[in-house]
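Visitor: Whole structure, please, built from the sequences with the hints as guidance.
Residue numbers for the sequence shown follow the UniProt record's numbering, beginning at 1 and rising by one.
Think of the hints as simulated: they come from the structure by calculation, not from any bench.
Being a predicted model, the structure only gives us computed values, none of them experimental.
Using N, Cα and C, we set each Cβ at its ideal position, and we do this for glycine too.
Careful, some of the hints might be misleading.
[Claimed, not checked] Here are the simulated DSS-like cross-link-like pairs (lysine-lysine), alpha carbons at most 30 Å apart as the crow flies: (1) Lys214 <-> Lys103; (2) Lys130 <-> Lys186; (3) Lys103 <-> Lys174; (4) Lys186 <-> Lys140; (5) Lys64 <-> Lys54; (6) Lys222 <-> Lys103.
[To be verified] Pairwise CB distance ranges (calculated): (7) Leu158 <-> Arg113: 19 to 27 Å; (8) Leu76 <-> Lys213: 40 to 48 Å; (9) Glu87 <-> Pro205: 38 to 46 Å; (10) Pro161 <-> Val92: 44 to 52 Å; (11) Thr254 <-> Arg113: 20 to 28 Å; (12) Val78 <-> Leu158: 49 to 57 Å; (13) Glu96 <-> Ala216: 42 to 50 Å; (14) Met150 <-> Arg242: 30 to 38 Å; (15) Leu158 <-> Glu96: 29 to 37 Å; (16) Pro167 <-> Ala95: 37 to 45 Å; (17) Val78 <-> Asp56: 31 to 39 Å; (18) Glu108 <-> Ser245: 32 to 40 Å.
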Amino acid sequence: MSKNRGQRDQAAKAPDPPAAAASPDMNVLMEAIANSEKTILERIDSSTKDLNDKIDTIKEDIVKQDTRLQDVESGLNVYSDRTEQLEDGVSVLRAEVARLANKLDDLEGRQRRCNARIVGVKEGFENTGKPTDVIATMLKDVLGLGFTPMLDRAHRGLQRPAQNGDPPRVIVVKFHYFQERAEVFKTAANSSPLKLQGRRISIFPDYTADVAKKRAAFNEAKQLLRSCAGVKFGVLFPAVLRVTSATGQDNRFTDPSTAIDFIKNNLQP
1 MSKNRGQRDQ
11 AAKAPDPPAA
21 AASPDMNVLM
31 EAIANSEKTI
41 LERIDSSTKD
51 LNDKIDTIKE
61 DIVKQDTRLQ
71 DVESGLNVYS
81 DRTEQLEDGV
91 SVLRAEVARL
101 ANKLDDLEGR
111 QRRCNARIVG
121 VKEGFENTGK
131 PTDVIATMLK
141 DVLGLGFTPM
151 LDRAHRGLQR
161 PAQNGDPPRV
171 IVVKFHYFQE
181 RAEVFKTAAN
191 SSPLKLQGRR
201 ISIFPDYTAD
211 VAKKRAAFNE
221 AKQLLRSCAG
231 VKFGVLFPAV
241 LRVTSATGQD
251 NRFTDPSTAI
261 DFIKNNLQP
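Guide: If you want it as structure tokens, here you go:
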């Protein structure tokens, strides 16, 4: 008993344990948290507002661009339709122009049917008298005709007069009768080289510029044909090369390159 009592007395005399550290004021902490939350939300709201304003601006721009694109698309459709109409109109006009050009060339060619071009006559020869009479007598004498052709016109080409050794200008004549013109060309084709005052002269049909250009495109082919033995050739009106081989085979060409290939592959030795 005395021992237990002593232990209780010692325990009563022992010092008290140290008091726990004081905890932070919860009100102050909650207030700080609330202030921080408020600040963060205000910043989020501010940023979100700016972002929403920018998004609204972008949406307005997109709407405007979409409206403009619709206007452009509508305009393009209109312009496309008008372009198709114009293309159709141009095609019609192009065909019409080509038809009229061919008709005009044909009319011009018909007006020249009675014409001839005489090359090589010395300048001033026609001035020894009335040009039509002088040239008509010259044709009779040079070709040995049994008649004097009747000429409606006889004049030099419209170039400037020949100077300093230039070749004389072409003489253009118009026959009154087509039959007399045909006889002149037939006689000239069957005659040896024609001479006048020691100069060689030539007589050619008076073709339009377009026909003359098409016929001249066969010059290379004709040059090749001259070296082909037994081959006969000629250029038919308006521009068709007729080639008759030594065996009698007849070929006609409207394309110069095709004619040249045929000559090189079939007629040349």
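Visitor: Each hint needs a verdict: does it hold in this structure or not?
Guide: Structure-based check of each hint:
| no. | hint | in the structure |
| --- | --- | --- |
| 1 | Lys214 <-> Lys103 | holds (17 Å) |
| 2 | Lys130 <-> Lys186 | holds (26 Å) |
| 3 | Lys103 <-> Lys174 | holds (22 Å) |
| 4 | Lys186 <-> Lys140 | holds (13 Å) |
| 5 | Lys64 <-> Lys54 | holds (15 Å) |
| 6 | Lys222 <-> Lys103 | holds (29 Å) |
| 7 | Leu158 <-> Arg113: 19 to 27 Å | holds (20 Å) |
| 8 | Leu76 <-> Lys213: 40 to 48 Å | holds (44 Å) |
| 9 | Glu87 <-> Pro205: 38 to 46 Å | holds (41 Å) |
| 10 | Pro161 <-> Val92: 44 to 52 Å | holds (47 Å) |
| 11 | Thr254 <-> Arg113: 20 to 28 Å | holds (22 Å) |
| 12 | Val78 <-> Leu158: 49 to 57 Å | holds (52 Å) |
| 13 | Glu96 <-> Ala216: 42 to 50 Å | violated (28 Å) |
| 14 | Met150 <-> Arg242: 30 to 38 Å | holds (32 Å) |
| 15 | Leu158 <-> Glu96: 29 to 37 Å | holds (31 Å) |
| 16 | Pro167 <-> Ala95: 37 to 45 Å | holds (41 Å) |
| 17 | Val78 <-> Asp56: 31 to 39 Å | holds (33 Å) |
| 18 | Glu108 <-> Ser245: 32 to 40 Å | holds (35 Å) |
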